[in-house]
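> All chains, full assembly: derive it from the sequences and hints.
2 protein chains.
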Amino acid sequence: MIIIGGTATNGIDENLSKIISVPLLKVEHKVFPDGESYIRIPQHITNQEILVVQSLYPPQDKHFVELLLILETLADMKNNKITAIVPYLAYSRQDRRFKEGEALSIKTILNAIARAGADVLIVIEPHKEEELSYFGKEVKIADPMPELAKEVSKKVEKPFVLAPDRGALERAKRLAEQLNAEYSYIEKERDRDTGEVRIKNLPELRLSGKDVIIVDDIISTGGTMIQATRAAYEHGARKVISVAVHSLFLDNAYEKLINSGVKEIVTTNTIPQDPSKVAVVDVSPAIARKI
Amino acid sequence: MIIIGGTATNGIDENLSKIISVPLLKVEHKVFPDGESYIRIPQHITNQEILVVQSLYPPQDKHFVELLLILETLADMKNNKITAIVPYLAYSRQDRRFKEGEALSIKTILNAIARAGADVLIVIEPHKEEELSYFGKEVKIADPMPELAKEVSKKVEKPFVLAPDRGALERAKRLAEQLNAEYSYIEKERDRDTGEVRIKNLPELRLSGKDVIIVDDIISTGGTMIQATRAAYEHGARKVISVAVHSLFLDNAYEKLINSGVKEIVTTNTIPQDPSKVAVVDVSPAIARKI
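Read top to bottom, the protein sequences are chains B and P.
Under the UniProt record's numbering, the final residue of the first sequence carries the number 291; numbering is consecutive throughout.
Under the UniProt record's numbering, the final residue of the second sequence carries the number 291; numbering is consecutive throughout.
The set of hints was computed from the structure by calculation and includes no laboratory data.
It should be emphasised that the depicted structure is a prediction, and the values quoted were computed from it without experimental measurement.
Be a bit skeptical, because a hint or two may be false.
Repeated chains share a single entry, so a pair holds when one copy, or any two copies, can fit it.
Unchecked claim - Lysine-lysine pairs mimicking DSS-like chemistry, simulated, CA-CA at most 25 Å apart:
{"hint": "1", "residue 1": "Lys137", "residue 2": "Lys78"}
{"hint": "2", "residue 1": "Lys78", "residue 2": "Lys99"}
{"hint": "3", "residue 1": "Lys99", "residue 2": "Lys158"}
{"hint": "4", "residue 1": "Lys128", "residue 2": "Lys154"}
{"hint": "5", "residue 1": "Lys188", "residue 2": "Lys277"}
{"hint": "6", "residue 1": "Lys277", "residue 2": "Lys200"}
{"hint": "7", "residue 1": "Lys150", "residue 2": "Lys26"}
This is the structure in structure tokens:
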């Protein structure tokens, strides 16, 4: 078995190599003056189990093309069993056609990864599990909740896990079980006149004196998390901690979250982060459990 | 028949629509704050011959992903025959493995386009014709030489067409035939000690008093063209005109070409150009001849 470190690994390839004691080979990589990527696998690999690590954080399209180049080059080397480990799976929120004629982008991305030569796919905390069926071959989901829970437990006394919407409830349950905490979710409703999305009043939600951990798969512009944070404080939360597996922090999301009252943010290294701002948990142990 | 105008067409979709009198439908397109592309085909299309126009000029990877999204969405609409018209085919110079383990990038790009749903591929002046076999289905090559020749003929009195290397000779011949001009090529040699590439002395090359037209498939950083320009003047050229089907003009290539003595540059619209600097020929008529 060998690990191939791609062009966007954020150290996960090296960490995984140590944890599972499998040698790591880094791809050779450069970008030509016109912007085209160049990839070389600096060793001939055949009859091997290969773990390719390549995350699809921004610039997503460049990292995606580089993943295809790596996979097809390895497939050309013959008789390899190739597992693509994609810690952050870009385009995973484009998983439905809300309007007719919309691109089902995650299908195109997963199809291309499968066709380029990946036999198995490992992802961390996908947006929706169902969407992974577009890969069409074996998929494994690595769950970083144990590591996230361990980090969160250092920061809370009376934990209560809150999902920012009903869809995130299963995720909240997994984290709550690790923390031996209660959990619940908040409900949104859309104003029929203005179209505005509001948090429903939830009288049964008793957060008084609790350290509320709001958990979501992704922080993008932070809107969902900020709304949930406000609701948590309205229901009596002592402090709010924000947990997201993938954090993009777009449009000053970090500053907005802190301003909305989030005391700490715990996330993972599927996307590069500034460790002076957020607590960063390594997903490599979660990946290792799936190998 | 319908033309789908992609996200990188540089007006070729509109010009083609007029020339062949086929309606044009533009894709809906936006880029999310995180950098992911969104594509929508704003009309249900089925049982149709569809011409998708999408060039792969920089940012190549983004335009490539958008092409895949367009193709797969159209393929999902069922029973369409889809022709992908790719005026500038990115990654086409990565067509060989110079070192073992290098990605054969053009294979990956063409495979992905085919698998996403394109039944036919039309490209303009590929780097090497052989590489197009990686598409695995029907390929048509559109030749813009008649239009380039027409533009060049306005600028020369005693034309002589010169290929900057032996590989470009067939291209030079095609242009020379259109211009009723003589043609030849220059040869390069590598210094065994320094590794430097020089133009061979070619005593038989008589360019005295001629308007020398140097033609290549692509101007990237302009190095090849500049070397050939110097050689042309050394052999007595009156003036040099530079003709390239695709022009990227990287690293101030335009300025360097002009400084090396190129009097005019004639190129096409497969990549967006500044018409105040270069004469831009539309490739749509060449595409139309293949439909």
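> Cα distance capped at 25 Å. Does Lys78 pair with Lys99 within a copy, between copies, both, or neither?
between (42 Å within a copy, 17 Å between copies)
> First find the shortest C-alpha distance between Lys137 and Lys78 inside one copy, then the shortest across copies, and answer within, between, both or neither for a cut-off of 25 Å.
both (19 Å within a copy, 23 Å between copies)
> For Lys188 vs Lys277, is the C-alpha pair at or below 25 Å within one copy, between two copies, both, or neither?
Answer is neither: 29 Å inside a copy and 56 Å across each miss the 25 Å cutoff.
> With identical chains, the pair Lys99 and Lys158 could be close in the same copy or across copies; at 25 Å between alpha carbons, which is it: within, between, both, or neither?
Neither. Shortest intra-copy (44 Å) and inter-copy (60 Å) distances fail the 25 Å Cα cut-off.
> Could you figure out if Lys277 and Lys200 sit no more than 25 Å apart (CA to CA) within one copy, between two copies, both or neither?
neither (31 Å within a copy, 61 Å between copies)
> 25 Å Cα cut-off: does Lys128 pair with Lys154 within a copy, between copies, both or neither?
Classified as neither: same-chain Cα gap 29 Å, cross-chain 61 Å, threshold 25 Å.
> Within a copy, between copies, both or neither: which one fits Lys150 and Lys26 at a CA-CA cutoff of 25 Å?
Result: close neither inside a copy nor across copies, 31 Å intra and 51 Å inter.
Violated hints, in rising order: 3, 4, 5, 6, 7; the structure is consistent with all others.
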